[in-house]
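Residue numbers (our numbering), protein chains in the order written: chain A, 1 to 262; chain B, 1 to 262.
Check each hint, because a few of them may be wrong.
As the list makes no split between identical chains, a pair holds if one copy fits it or if it spans any two.
DSBU-like, lysine-lysine: derived pairs with alpha carbons at most 35 Å apart [said to hold, decoys possible]: (1) Lys92 x Lys212; (2) Lys49 x Lys122; (3) Lys210 x Lys92; (4) Lys122 x Lys92; (5) Lys122 x Lys209.
Hints were generated in silico from the structure; no laboratory data involved.
Protein chains: 2
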Amino acid sequence: MEHPDTQPAIVLVEPQLGENIGMAARAMANFGLASLRLVNPRDGWPSEKARAAASRADSVIDSAIVFAAPADAVGDMNFIVATTARQRDGFKPVLSPVEAAREMRARAGAGQRCAILFGREKFGLFNDEVALADAIVTFPVDPDFSSLNIAQAVLLMSYEWMKSGLAAETDTVFRGVDVAPARREALLSLIDWLETALDERGYFRPADKKPKMLDNLRSVLTRPGFSQPELAVVRGVLASLDAFHPRQNKAPGEGRTKGTGA
Amino acid sequence: MEHPDTQPAIVLVEPQLGENIGMAARAMANFGLASLRLVNPRDGWPSEKARAAASRADSVIDSAIVFAAPADAVGDMNFIVATTARQRDGFKPVLSPVEAAREMRARAGAGQRCAILFGREKFGLFNDEVALADAIVTFPVDPDFSSLNIAQAVLLMSYEWMKSGLAAETDTVFRGVDVAPARREALLSLIDWLETALDERGYFRPADKKPKMLDNLRSVLTRPGFSQPELAVVRGVLASLDAFHPRQNKAPGEGRTKGTGA
Chain A
1 MEHPDTQPAI
11 VLVEPQLGEN
21 IGMAARAMAN
31 FGLASLRLVN
41 PRDGWPSEKA
51 RAAASRADSV
61 IDSAIVFAAP
71 ADAVGDMNFI
81 VATTARQRDG
91 FKPVLSPVEA
101 AREMRARAGA
111 GQRCAILFGR
121 EKFGLFNDEV
131 ALADAIVTFP
141 VDPDFSSLNI
151 AQAVLLMSYE
161 WMKSGLAAET
171 DTVFRGVDVA
181 PARREALLSL
191 IDWLETALDE
201 RGYFRPADKK
211 PKMLDNLRSV
221 LTRPGFSQPE
231 LAVVRGVLAS
241 LDAFHPRQNK
251 APGEGRTKGT
261 GA
Chain B
1 MEHPDTQPAI
11 VLVEPQLGEN
21 IGMAARAMAN
31 FGLASLRLVN
41 PRDGWPSEKA
51 RAAASRADSV
61 IDSAIVFAAP
71 ADAVGDMNFI
81 VATTARQRDG
91 FKPVLSPVEA
101 AREMRARAGA
111 GQRCAILFGR
121 EKFGLFNDEV
131 ALADAIVTFP
141 VDPDFSSLNI
151 AQAVLLMSYE
161 WMKSGLAAET
171 DTVFRGVDVA
181 PARREALLSL
191 IDWLETALDE
201 RGYFRPADKK
211 PKMLDNLRSV
221 LTRPGFSQPE
231 LAVVRGVLAS
241 LDAFHPRQNK
251 APGEGRTKGT
261 GA
């Protein structure tokens, strides 16, 4: 994990509910953030409700620092952004979460300490608190339903911070098994075998349609780009159907389907 | 808002807590999603706890549809992704939220209906449920703390869906006032005026340092790229200091600072 000093601090200004502080801490932990600052939490600190809602993100809760005023909470910071859902008067640049995360990532890389301000559940940040920030961050929400829960807002910024540190924004923690298509000969061999098995059952009827039917069959089996292990599954299934289907030109199976039906 | 049929449906499989359903609905509404499907919610449906937690996202709650099994919930869908924090065996591609949103956006544009599956609070999705999906989505979380709350997971996917529909992923609902730098003559005129005011106070001392000091002053005032309204603020502040400072070569002011101090 990154050193906390190279990460943005999450600053919650006068949060009202311990549950929200806890859910914010959990969201931070999900994306590797450790530094939580609380300005004058309404119900005091520490908070058992916060700890319960943090769902084992105890290290974030334990290391949270309480301040009396927003200016104190960001005094040691070099670059500060304020989250808000409302347009504000003034001269501040407005950033999307993606831009804000990239900007902070670049500044952190240059040794600057960054903080993200989040406002109260009901009122957000006051103008004089927004004024502390270098820039505003706002979320691309539905304008008709723009009020984000505070923990959700913390989550989105934490998520974008994590993404800004990935080599590619499309990186994930794990990747699927490599599904490179098998060597084409494996597929062709399967199709050949299948053609024979189907021929024996009279699948290709009328006979003059066979080339077209075979083309279709090849297309259907080619398009998925089956990997070698997938082809093995397909072949196993087809072979199983083949083996247990009572056919005229084979000795009757010893198996379960003996006697009855088609 | 987009027509719901062109949006992905959010499918919660056996959600346990009404509060989580409600918070998920709120997150959907924040990012303009309307179609919520519930598979066998543990505490029944409708749920007053869900409605309370939805925080006025009533339309999402009211239009939620309940299904008995995951296969029923996605029966009318063309493309399905399953969210999971764990690596799974099998042949499914693994997508980041960004990739999944782009893929669904492209398919929705081609008339395909898409769904996103979310698992239970404690266990996630079972393997046979993941098997219903075309692809897996996983979040770029801290591997040491990878368990996302269900509403948080819904939020992230809803957010990425919204972003995938923006002309640029850095779009926001509102933008700051345009802070184009003022015409340079406005800045130069301010600097000229300031030079005179400072000269009168003997600021440029010793005299041979004046050119360097003036260069610095020009640099400091140029770098911010002040807009015309910002320059007006700066000029007002400086003019105010100038007017009310008791100076030798001016008649004493009539104002408040009369008499006392420097």
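Comparing the hints with the structure gives:
| no. | hint | result |
| --- | --- | --- |
| 1 | Lys92 x Lys212 | between (66 Å within a copy, 31 Å between copies) |
| 2 | Lys49 x Lys122 | both (19 Å within a copy, 20 Å between copies) |
| 3 | Lys210 x Lys92 | between (71 Å within a copy, 33 Å between copies) |
| 4 | Lys122 x Lys92 | within (23 Å within a copy, 43 Å between copies) |
| 5 | Lys122 x Lys209 | neither (71 Å within a copy, 54 Å between copies) |
Hint compliance for this structure: hint 5 alone is broken.
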